[in-house]
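Visitor: Starting from the structure of chain A, add chain B where the hints point.
Spelled out from the first residue to the last, the chains are:
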Amino acid sequence: MRLIPYLALLLLPVLPLVQQRIDGRLGSFRVQHEALYLWSGEHVRRLTPGFENLMADIYWLRTVQYFGGQRAFSTDKRFDLLGPLVNITTALDPRLVIAYRYGATFLAEPWPMGAGKPEEAVALLRRGVAQNPRDWRLRQDLGMFYFFFLSDGAHASEALMEGARVPGAPPFLKALAAQVLVKGGERQSAKMLWQQIYEQSEPGQLKDNAGLHLAQLQSLDAIDALNEAAMEFARRAGRPPASLEELRRSGLTAAPVVDAVGTPFEYNASTGKASLSPRSPIWRRELAKYGP
Amino acid sequence: MGPRGLSRILAVAANTFRETIRERVLYNLLFFALVMTVCGLLLGQISIRQDEKIIKDIALAAMDLFGTAIAVFVGVGLVSKEIERRSLYPLMAKPVTRDEFLLGKFAGLSFTLLVNVMVMAAGLYLTLLLTGRPLDLRLLAAVFPIFLSLVLTVAVVLLFSILFTSTALAAFASLILVVAGRFSDVIRNMKEVAPGAPAWLIQGLYYALPNYRNFDFKDRVVYGDPVSTGDLGWVTVYAAVYVALVLGIALAAFRRREFV
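Protein sequence lines, in the order shown, are assigned to chains A and B. Our numbering puts the first sequence at residues 832 to 1123. Our numbering puts the second sequence at residues 152 to 411.
Hints are computed from structural coordinates only; laboratory data are not their basis. Please read these numbers as outputs of a predicted model, since none were measured by experiment. Among the clues, some could well be false.
[Stated by the list, open to error] Coverage of chain A stretches by chain B, computed from C-beta distances (three or more under 8 Å per stretch; other residues unrestricted):
no. : segment
1   : 891–902
2   : 920–934
3   : 1032–1038
4   : 1102–1112
[Stated by the list, open to error] Chain B residues, not near chain A, derived (Cβ > 12 Å throughout):
no. : residue
5   : G153
6   : R159
7   : A162
8   : S198
9   : A210
10  : I234
11  : F262
12  : A273
13  : T318
14  : F323
15  : G332
16  : R333
17  : F334
18  : G384
19  : W385
C-beta: ideal position from N, C-alpha, C; glycine also.
The following block holds chain A by itself, in its conformation from the complex (with noise of 0.2 Å):
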């Protein structure tokens, strides 16, 4: 009997053994499944006076860990509480810029890298400019929303404006709006839009985000290349060319035949047409609206 304990401890080494099975049956990271029991940030707010900005960093974290949490390892990616998370944040701190921001972003893009809720995006960001007023990225934020998610032009172009109008906003927010406006829609001026935030961007998600638009937006650009290449081809040849090595060989084109994170373009020889691999990391089915 004296020895029971002596001997419970050897059961000690049992335990990672244990949990190796149990990580083995149900993976290593496994999302919780997340419940909001209030859904008011208005609620939330009378129930700790004096502790809003607490709970408002509390409610962001959560936010921040319930997205990549969901993003990184669920199988069916559900981004329904974001929304709600978002929106208690900033109730609970107004000028917490970055949860407008980078909720916004989390809220808009396409599933499954985002909750794919545009609408929501842009409303949100519009309380963050009515609550911030004198932050101009909020307003170049809330223009290039309307310009890239809902292809409003004339909307985006006015919220550029508004921005430019801000004291301390850089000089270029002007000439984006006009451009927005002239050419709205199309993928040069989302090519200037994107290069603006990722220039301006500190490192981090909205950084890689904008490169990674501004990836795609170049991949179009070179398969453009090759595709207008395989016409003339076609043209000498009487026929598509049977591989883009052929069309490289041939010496009518320059342009890559890989896309800007490197996974080689698909080729359909039949049509003659490239096309982003939907292998590649940068591929989204939304990128149809920039052509080809």
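Guide: Frame of chain A, contents of chain B only:
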């Protein structure tokens, strides 16, 4: 009250300070140090570069929250423990008046809270320094009103600990009052949710309850908004008047209290 009276108050205060520091305050500071270390190490990774704001928010909220907890739960025991342990009786036999005893207790716990807040503020600055953030002295414009609110809480708690013979009841009543004081903006706008409520009642409640919202500069300071010396001055006057009023009632009640 002459210089002898003051020296007796200071003696009680020093004793109270030693006693309260020995009791629980050190655990609170240890926990705070742990929280700040974890915040400094982890928050940058998981908050998308909001670590500086969150560190400040957590530190200021902790000063407020832990300080209130110390003020209430240590405060309710200051007088009642002396009665329970019967250590008050020999003290009363000495040339220490009840007023001096109570004021000494008040000053002692207030000083404990001052030390607590100062150490926590130093912890906040150390965390900011170690995480490479600027040492923003404007944060003190939020720390000072927090301390004032804690002093006000000590006065309220002392009053309740004299009015009620039960420590639990005194703690409960103090907490209710502190929480109600944090809802002062709700009370002020009560007419909107309860149109039938008489205006005199709402006004009366609004002015009678300690308005803890007055002491909340956390949001303004963290976002770098200016806090004028005028704002801080009026808040200090409010705290001084309220504390004097509450202590006055407490002294009157303590003089009449019978110890059996």
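Visitor: So which of the earlier hints does this model not fit?
Guide: Structure breaks hints 4, 8, 9, 15, 16, 17.
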